[in-house]
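**Student:** Just need the whole structure built from these sequences, with the hints factored in.
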Amino acid sequence: MYILSISKAGRKTGALRFLKLILLLLMLYPVTDISAVENHNSENDPMMLHLTDHNFIDIMGFEIPLPVFKPVTINGRDLNISITSDFVFFWIGTFLIIIVLSFYKKNQIVQKKFMGRLVETLVLFVRDDIVRPVLPHDYKKYLPFFLTLFMVIFMQNFIGLIPFMSGSTKNLSVTAALAVITFSVVISSGIKKFGILGYLKNFLPLSFKENNFVIALVFNILLAPFEFMGILTKPFALSIRLFANIVAGHAVILTFLLIGWGGKELGWNYFVIAPSVAASVFIYLLECLVAFLQAYVFTLLSAIFISEAIEHSH
Amino acid sequence: MDVGTGITLIGAGVGAGLVAIGAGIGIGLIGSAAVQAVARQPEASGKIQMLMILGAALVEGVAFFCALIAFLIYNTVK
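From first to last, the protein sequence lines are chains A and B.
As numbered in the numbering used here, residues 1 to 314 make up the first sequence, in order.
As numbered in the numbering used here, residues 1001 to 1078 make up the second sequence, in order.
Derived by calculation from the structure, the hints in this document are not laboratory data.
One or more of the hints may lead you astray.
Straight-line alpha carbon distances no greater than 30 Å define the calculated DSSO-like cross-link-like pairs of lysine-lysine that follow [what the hints assert, rightly or not]:
1. B:Lys1047 x A:Lys140
2. B:Lys1047 x A:Lys141
3. A:Lys141 x A:Lys193
4. A:Lys193 x B:Lys1047
5. B:Lys1047 x A:Lys70
**Tutor:** Following this line, the structure appears as C-alpha cells:
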C-alpha cells in the first residue's frame, strides 16, 4: 500500500512536469515561428522556409551557419555532402536516444522517476503491442530492430514539433532511407528463412503440386509480376506516408499561424493573431498525437511485412 | 494570372477535395465497423484497435499520395 501510494504520487508529479513542459513549448512555438518568418531575409515563402532543408539553423531570424563542403562528383553527378539542419537534428536526436537508452540498459530495476517510466512504457509498448502480436514465434530476434526504428522516428517527429528545431522526418530522403532499411530487412529475413529459391517461390500465388499444372502455370505467369511489384511498392508507400503526414501537419500549423500575415509590404493583421494562435495550438496538439501514431504505424507495418516474408510458406 | 493557370489550380483543388471525400468515407466505414466490433466483443478491443489503426493508416496513405500530387501541381504552376 505504501509503495503504491509513493508510485502514484511520483506518477502525478511526473505527469505534471511533462504537462508544464508541453505548455511551455506550446507558448514558445507560435511566437518563435512568427518572429522567424518576420525577421528572415533570404526566403520569401515562409512555408517553404519551414518545410525544406537548409545549410543554416534558424533561431528567430538569426542564422547559425553550418559547414559547406565541395560537392563530390561520382559518374558526372554532383553529390552535395554539406551538413544541413536536418542532418544536425537527426544526430542530436539519435545521440539523445543512445545516451538515455544505454543508461537505462544498465539499470535493470524499474526506475521510479519520470524518465525511466517513460522509457519503460515505450519499450514495453513496442514489445507487447507491436512486435509480439505480429511475430509471436521469433519476436526476440527482431525486437532490437523495431525498437531502433520506433525510437528514431518517434524522436524525429517530436523534435520537429519543438521550436527552432527541424525534425528530419519532414525530409523525404530520411523516410526513404528508413523504408529502404526495412525493405532490406524484409528481404534478408525471407532469404534467411527459405533460401533464395524458396523465397522466390513464395511469389507464386498457386502451388504446382495442389492444382492442375496448366491452370497453375497460367495464373503464376499472370500474377507473379503483381506479387513482385507488391514487394517494391510497400517501402515506397511506407516512406511517402510518414513524409506526407509530417509535412501536411506542419503545413496546416503554419497555415493557421500565417492567416494574419499579408506579406512583407502589408505586415500583420493584428486582429486575427489571437484566434489564429489558438487554432494552431489545437492543431499542434493533434500533431503530437500524429507524431506518435506515425511512429507506431511505421513500426507496425514493418513488422507485418516481415511476418509476411517469414510465414508465407506453401 | 492567365486562364490556364486558373484552371490548373482549380483542378488541383477539386482533386484534393474529391480525395478528401473518398478518404473520409473510408475512414468513417473503418471507424463504424470497429465500434460495432468492440460493442459485440469488448474483450477483443486491443486487437480491433490495432487493425483499425492499420486500416486507417492505409487509407490515409492513399489520401496523402493525392494531396502530394495536388501540392506538386500547385508548385509547378506557381
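**Student:** If a hint holds in the structure, say so; if it does not, say that too.
**Tutor:** Structure-based check of each hint:
1. Proposed proximity of B:Lys1047 and A:Lys140 is supported: the alpha carbons are some 21 Å apart, at most 30 Å.
2. Of the pairs offered as hints, the one joining B:Lys1047 and A:Lys141 holds, with about 23 Å between alpha carbons and a cut-off of 30 Å not exceeded.
3. Of the supplied pair hints, the one linking A:Lys141 and A:Lys193 holds, its CA atoms being roughly 13 Å apart against a limit of 30 Å.
4. A hinted pair counts as satisfied when its Cα atoms are at most 30 Å apart, and A:Lys193 with B:Lys1047 qualifies at roughly 27 Å.
5. Between B:Lys1047 and A:Lys70 the CA atoms are separated by roughly 52 Å; this puts the pair beyond 30 Å, and the hint is violated.
Comparing the model with each earlier hint shows a violation of hint 5 alone; every other hint is respected.
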